[in-house]
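Chains as they are written, first to last, in my numbering: chain C, 1 to 335; chain V, 1 to 168.
FYI, nobody ran anything at the bench for these hints, they're computed from the structure.
Cross-link-like lysine-lysine pairs, in silico, DSBU-like; alpha carbons within 30 Å at most:
| id | chain 1 | residue 1 | chain 2 | residue 2 |
| --- | --- | --- | --- | --- |
| 1 | V | K143 | C | K255 |
| 2 | C | K74 | C | K132 |
| 3 | V | K156 | C | K255 |
| 4 | V | K138 | C | K256 |
| 5 | C | K76 | C | K132 |
| 6 | V | K155 | C | K255 |
| 7 | V | K156 | C | K256 |
| 8 | C | K234 | V | K143 |
| 9 | C | K255 | V | K132 |
| 10 | V | K155 | V | K143 |
| 11 | V | K132 | C | K256 |
For each label pair, taking beta carbons as the anchor points, the in silico distance ranges come out as:
| id | chain 1 | residue 1 | chain 2 | residue 2 | range |
| --- | --- | --- | --- | --- | --- |
| 12 | C | E187 | V | G14 | 53 to 61 Å |
| 13 | C | G280 | V | R149 | 20 to 28 Å |
| 14 | V | E164 | C | E158 | 17 to 25 Å |
Fair warning: this is a prediction, and the values are worked out from it, not measured in the lab. For each residue, glycine too, the CB sits at the ideal point set by N, CA and C.
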Amino acid sequence: MRDIKISLVGYGIVGHGVVDVLSRKKKMLRDMGLNAKLISVTDHTGTVIAEDGVDAEKILAEKTLANLATSSMKGKEAISAIDSDLVIEVTPTNIVHGQPGLGHMEAALSSGKHVVTSNKGPLVVSYSRLKKLAEDNGVMMKFEATVGGTMPLISLVERTLVGNTIFGIRGIFNGTCNYILTRMTEEGIPYTHALSEAQDMGIAEADPSYDVEGVDTAGKVVILANSLFDMNVKYSDVDVTGITGVTPEALALAKKRGYAIKLIGDVPALTVRPTLVPLGSPIAVSGTLNSAAIYTDLSGTITVTGLGAGSIETASAILTDIISIYRTKRIDAIF
Amino acid sequence: MRLSMDLELQDVPGQLLLALQPFRDNKANIISVVHHRDRKTPRGMIPVRFVVEMDRSKIDSVNAKLKESGISVVRSGEDRLIEAVSVVLVGHVLHSDLGDTVNRIDSTGFAEVMDVSLTMTGVEEPSSAYLKIRATGKAEIQKALAILREVGAEKKLLVIEPIEAEAL
Numbered sequence: 001m002r003d004i005k006i007s008l009v010g011y012g013i014v015g016h017g018v019v020d021v022l023s024r025k026k027k028m029l030r031d032m033g034l035n036a037k038l039i040s041v042t043d044h045t046g047t048v049i050a051e052d053g054v055d056a057e058k059i060l061a062e063k064t065l066a067n068l069a070t071s072s073m074k075g076k077e078a079i080s081a082i083d084s085d086l087v088i089e090v091t092p093t094n095i096v097h098g099q100p101g102l103g104h105m106e107a108a109l110s111s112g113k114h115v116v117t118s119n120k121g122p123l124v125v126s127y128s129r130l131k132k133l134a135e136d137n138g139v140m141m142k143f144e145a146t147v148g149g150t151m152p153l154i155s156l157v158e159r160t161l162v163g164n165t166i167f168g169i170r171g172i173f174n175g176t177c178n179y180i181l182t183r184m185t186e187e188g189i190p191y192t193h194a195l196s197e198a199q200d201m202g203i204a205e206a207d208p209s210y211d212v213e214g215v216d217t218a219g220k221v222v223i224l225a226n227s228l229f230d231m232n233v234k235y236s237d238v239d240v241t242g243i244t245g246v247t248p249e250a251l252a253l254a255k256k257r258g259y260a261i262k263l264i265g266d267v268p269a270l271t272v273r274p275t276l277v278p279l280g281s282p283i284a285v286s287g288t289l290n291s292a293a294i295y296t297d298l299s300g301t302i303t304v305t306g307l308g309a310g311s312i313e314t315a316s317a318i319l320t321d322i323i324s325i326y327r328t329k330r331i332d333a334i335f
Numbered sequence: 001m002r003l004s005m006d007l008e009l010q011d012v013p014g015q016l017l018l019a020l021q022p023f024r025d026n027k028a029n030i031i032s033v034v035h036h037r038d039r040k041t042p043r044g045m046i047p048v049r050f051v052v053e054m055d056r057s058k059i060d061s062v063n064a065k066l067k068e069s070g071i072s073v074v075r076s077g078e079d080r081l082i083e084a085v086s087v088v089l090v091g092h093v094l095h096s097d098l099g100d101t102v103n104r105i106d107s108t109g110f111a112e113v114m115d116v117s118l119t120m121t122g123v124e125e126p127s128s129a130y131l132k133i134r135a136t137g138k139a140e141i142q143k144a145l146a147i148l149r150e151v152g153a154e155k156k157l158l159v160i161e162p163i164e165a166e167a168l
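All chains should be modelled from the sequences, with the hints used to inform the complete structure.
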């Protein structure tokens, strides 16, 4: 049995999902030979530390750690002080400067800890630096949850499709935009109406600009370009148009001719823009679903679709990353 | 050069074979033959559309041969615009001079706007338009889209292009 001491940094929606999933999957992980122990959880109010693993039930009942914190340590300080093997970084995304996640990930990697994250910001801002930091310290940085949520994309390309040349990836990478466009098409309602509906349902943020202006999708395009295409690009290299200009009339005209209008991110073209997608196309998914078409030389076009967001769904991608780190190590050890 | 020809055949056995003979004799490469048995003409003839690749100079000879065999040629001509693309525009499509937008494509000589549908909701509101552009080839479609993108940027129109079926 291999012990894995895990620290979780960030205790919002995704953080709660991670605690829940790690607790639910404890037995399954043990069956794989992994004794995954969540030894600390940190948020902006402090840290809960428990050497034998935190009490999931107890902390899941709390929105923040304010009432439970056993230490006042936060962020980098907590990461450096706590003796863990792996850090899960799930603080809020900032695509401009990447903080606080960037500092957290640097602290973890430079002290020889694996990093698993759902936080796009640090990867958009300085992917190549973080990757080098991981390599220099002999640890891994995994980020499946940053693109397409639970939809397998990065690991699919890196592992399953390894040996293929990947010509490009196009897809729907933002569930909020997809929901709004779907509702506008179905009901013929204007953008503002569909947006407020999405906000009421908790699908869109109070400030939706990050999603609807295409910023979030562009961040994912940058991550895919850097991690799968070795492109070394920045956010400003992406040509971005959001969905705010799309009208229900445009959607109706397109539909009449057999097309849906979707916000499509394209790598390596580095574009994000509303695009006509044939209605029968496997990537023309509806509602909050994400999808991606991967164009390869040997396998033709592979299409995946799945839930792009959500607490448990994102945590699922994080769990996959954690397992893959240790499974890779085991395979390496055998050969 | 690619040509399309609309012929009318009698509804008796062997007519299609007879119609094919002049194309074969003139070394035309047949791209498609669509036999509209369900759309008989009032005179009881069956319309057939041939699309062929052949030298333009041979059209007259093929036409003469077909007539000799008693087959009537309703129309024959160059099928120049063989590729098509759909585009949706949003913005002040009409008030930013739709005529000019269309003309910028049409004046290329290799692409034409073949279909326009416009939806307007109010004078101040953005209108939406569907355009079908035909062009002489795939590369020309891309050139036409590039022109439209330029016009879109100039006139502040949102240009919604179709997704590429293949990676470029």
